[in-house]
Amino acid sequence: MSKLLTVSPSPHIYGKETTPNLMHGVIIALIPATLASILYFGWGSVIVISVSVTSSVLFEFLIQKFLLQKKNTIQDGSAVITGLLLSLCLPSNFPAHLIILGSLFAIGVGKLSFGGLGNNPFNPALVGRVFLFISFPAKMASWPDAQGFQTQYIDATTGPTPLSIIKEGLGKGDSISHLMDNIPTYRQLFFGNMSGSIGEVAAVALILGLAYMLLRKIITWHIPVSIILTVVIFTGILWLINPEQNADPLFHILSGGILLGAIFMATDYVTSPMTEKGMILYGISIGILTVVIRLFGSYPEGVQFAILIMNGFVPLINYYIKPKRFGEEVKNG
Amino acid sequence: MSKMLKTFRKGGIHPAEYKLTEKSPVEILPLPEKVTILLSQHMGVPAIPVVSKGDTVKAGQLIAHGRGFVSANIHSSVSGKVVRIDSIPDLTGYKKPAIVIEVEGDEWEENIIQSTDLRKDITLSKDEILEKIRESGIVGLGGAAFPSHVKLILPKGKNAEALIINGVECEPYLTSDHRLMLEYGEEMMVGISILMRVLNVRKAMIGIENNKADAVYHLKDIASTFTGIEVFPLEVKYPQGGEKQLIKALTGREVPSRKLPIDVGVIVHNVSTAYAVYEAVQKNKPLINRIVTVSGKSLKKPSNFVVRIGTPIRFLIEAAGGFPENTGKVISGGLMMGKALNSLDVPVIKGMSGILVLPENETKRKQVEPCIRCSKCVSVCPMGLEPYLLMPLAQTGDFYRLEKEMVLDCIECGSCSYICPANRPLLDFIRLGKTEVNKIIRERN
Amino acid sequence: MSSILITILSLSSMGIVAAIILYLVAQKFKVPEDPVIHDIEDALPAANCGGCGYPGCRNFAEACVHTDSLDDLYCPVGGQETMDIVANLLGKEAKQTDPRVAVIRCSGSFENRPRTNHYDGASSCAVASALYIGDTDCPVGCLGMDDCVVVCEFEAIYMNRKTGLPVVIDENCTACGACVEACPRDIIELRKQNKKDRHIFVSCINTEKGGIAKKYCSVACIGCTKCFKVCEFEAITMGNNLAFIDSDMCVLCRRCVTECPTDAILEINFPPRRTKTDKEKTTLLDALMKRDE
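Chains as they are written, first to last, in this note's numbering: chain L, 1 to 333; chain F, 1 to 445; chain D, 1 to 293.
Hints in this document: simulated from the structure, not taken from any laboratory.
Hints are all accurate, no fakes.
The calculated label-pair distances, taken between Cβ atoms and stated as ranges, are: (1) Phe110/D with Asp398/F: 27 to 37 Å; (2) Arg202/F with Leu250/L: 53 to 63 Å; (3) Tyr320/L with Glu443/F: 26 to 36 Å; (4) Lys215/D with Gly397/F: 27 to 37 Å; (5) Glu443/F with Glu234/D: 34 to 44 Å; (6) Gly171/L with Ser13/D: 34 to 44 Å; (7) Ser13/D with Tyr320/L: 31 to 41 Å; (8) Phe29/D with Pro95/L: 48 to 58 Å; (9) Ile207/L with Ala19/D: 50 to 60 Å; (10) Ser142/L with Phe29/D: 54 to 64 Å; (11) Lys203/F with Lys215/D: 54 to 64 Å; (12) Thr157/L with Asp398/F: 58 to 68 Å; (13) Phe110/D with Leu62/L: 31 to 41 Å; (14) Pro95/L with Gly397/F: 47 to 57 Å.
Partner residues aside, some chain F positions facing chain L, computed with beta carbon under 7 Å: (15) Glu254; (16) Pro256; (17) Gly328; (18) Gly338; (19) Tyr418; (20) Pro421.
No residue lacks a Cβ here, since even glycine has one placed at the ideal position from N, Cα and C.
Excised from the complex, chain L in its bound form:
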């Protein structure tokens, strides 16, 4: 025997899934939404996405190399996801230099300042988006109309999102049935033909991504389903009470960032709870907070804040909500 035997503790076989594998899976799941955004917003979308992804990866590389002097981890794909997610919740006419600023904030403050992948308490893409949203509210409130490659990058014709039509309309005392004439049809909402951030418009593309991630077992159903169901139930009750003052649940689900948030943002591994029970509690809370902000807050959209707020509660959820231990069930055989 020439070579030395290897000794290690059991197990001696490992599953095939690796961190980069899972991250690449998420990127694949984002492809339909990315394609849809390009389809609806044309070159603007291409510019926003490519600037955001490149600058995110570049910042991750530069900060790790020169500032932290740690091992480089860009090949795990998490920086690409952050960049992609950040771009998907921006308008297609968003100026490139602000995107670069946003991705610097997302990667630098949102992720690496906490110690990199696995240690960040808040979803870095959302941190970047909220940073831009608060710092440049005007830029983040002009939403180009979806006109495919007709849509200009900077000088696009803009219009209000369906959610802001409802919000402003109700504020002026209009009734829902009246306002509904001004917003796109459900069919358009489903396929994404409306104003909004480039990634949130096409519900069908996002649902395709969800199906892929569930099939590949990248995520479990608990978080997205509990968020969506909560929104449906909450808005459904209000709608049944007063359909003239409250939009119906289907409208709430299809408009704004709920699907993008529920499927891709809230399910971020690092910032979501570890147990199934915890995930459901987290999902329900996000759902409730979203609807509360949408209906009673001053912003038309609330998913981003809801997710960030619940991100903050994740350690607490993990501490108190434990999986059901084996042996807790009393005998029934």
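Chains F and D: place on chain L using the hints.
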């Protein structure tokens, strides 16, 4: 099979099966020149030698006496001369007392019945059987090697309702139990009947994973001629061979934390143990040999061997076609829970169900990366624990919190380390934490 | 103008109310405490290393106040100096204790102790030691996986990657004992600190018979008793095939070092000797000397 198969509910994984030897009939391995019989092959106190250097012994002769209640007798597996009683490296490499016997001929103790005829009639009383099992040094042959007679004496006030026979063999590669069920099915059934008599139960359930359909049908056939024995095919899922998981799968009952199967009214024994009980009670043969699977993709001739206890592992690998050049790791037991060996000179022990020879490229662990909190370890843990949390607690030495997070419930099945996408050595540290917490609890009492 | 006035008034009144509440609560829940405890805590090094046997410096300070004699209490980090201050504050007598320093009692470098297998598990001595004998045949030798380095709060120990053995930096070592605790093989010993950080010790703890020990480690103590016979100061004791030099008795004469046939006895921080035997000293020793220059 249209009916939903039984299984346990919580967690579990599906590693590749690699059952290379499931069709290879059991072969009797020739005797080696020398056997090394370790005196601590079981859980509990090591046995004390009753022979001395230079003595001549026969196969089946008692050579070391079990000391205390939780201990087991040890018998010579060959005939020959005792050449050494010394400390010899065991499976961990640490030196442990052992008896080395040089093989001369193959002479057995007179009272052992060597014929292979089936002896179905159980003539002995309950106490006589129990004494026989204790005398014969039988231990749990599934791997844990817990002395079997201890498990058969029920604590006061506890009653067993059913006997569960573990034929799950959920570990990849291993087929020793599978072959035993196929080739020694009837003998095993008699063994089960004997166990039922000792435990005074009317019902025995044999759980077999459905990837061994031939064994399921074969045993179902035989079971019809025995009273009270039923065979259950189970869905294939690791770690169904775990005692608590098997009980859950078959009866729906959960053994509470830090309790024993008897607390939910069942006793679990392995199929090989049942066979050993048959041989001990019906043929007066102590536990001196067992079936060992020698397997691995690079081996020329993966096989199932009947091996005398104490045979060096090198001898088994030679018989399976020689030691492959590219070998990186040799494992005693299964891929998931087995022990990697640091030398080929260690001997076969009672609890060894397989020897796996793995090529170098399959054995390397990958670079450890930071935890991304994907919660996969939580979802596969069959005990409902949180490996991602237990590992850093064990690393930083927060043993009080570890105990509160029920680290002692861990059955060390390795599902968490298997599934971790960041290649974290979760079980390595959880095991360490368990040891430390056990130490603290012992000090407290 | 009035709005500013109202704001100032309301905010200051709220502040005053809060202050009163805080004061009352503080009075109500005040824990009477010996002020000396605070003084002692100030005198302690505030390392909270646990070397004294208490969880932190404050606990140690409390223990000092509540005990009758300081004989059982010793702060290894602060040393005699600190204990004298503490004793002064309390008007008690501090026991005279020699400062100590950690030494690694294993010389089984890669060169001296060939590896017999390759360990591929979690990088932790505790894990490896619980699993099996380690990547050599020595059941007590250093596993070289940083458990002692990680646990040291004073950066007083590092791993020499060339030899696979840890090295203690004497100036930083406070003898807190954390590494002694952490080592699963118990090869680290706290020994008396000598002049110029000089040490002489048997760098092996293997108790197996000489021939066996020598087979897997060329610098193992084989229990030949040569050093025992040559020592005039009764500093060396023999037991279990192993020599042990009592650091309190040793006068650093170095006669045992030249006598040892396997170079198991190390001399550290001595000026080089120009004798024949000295040239043959192990390369490990040179390495150890070098880092102190």
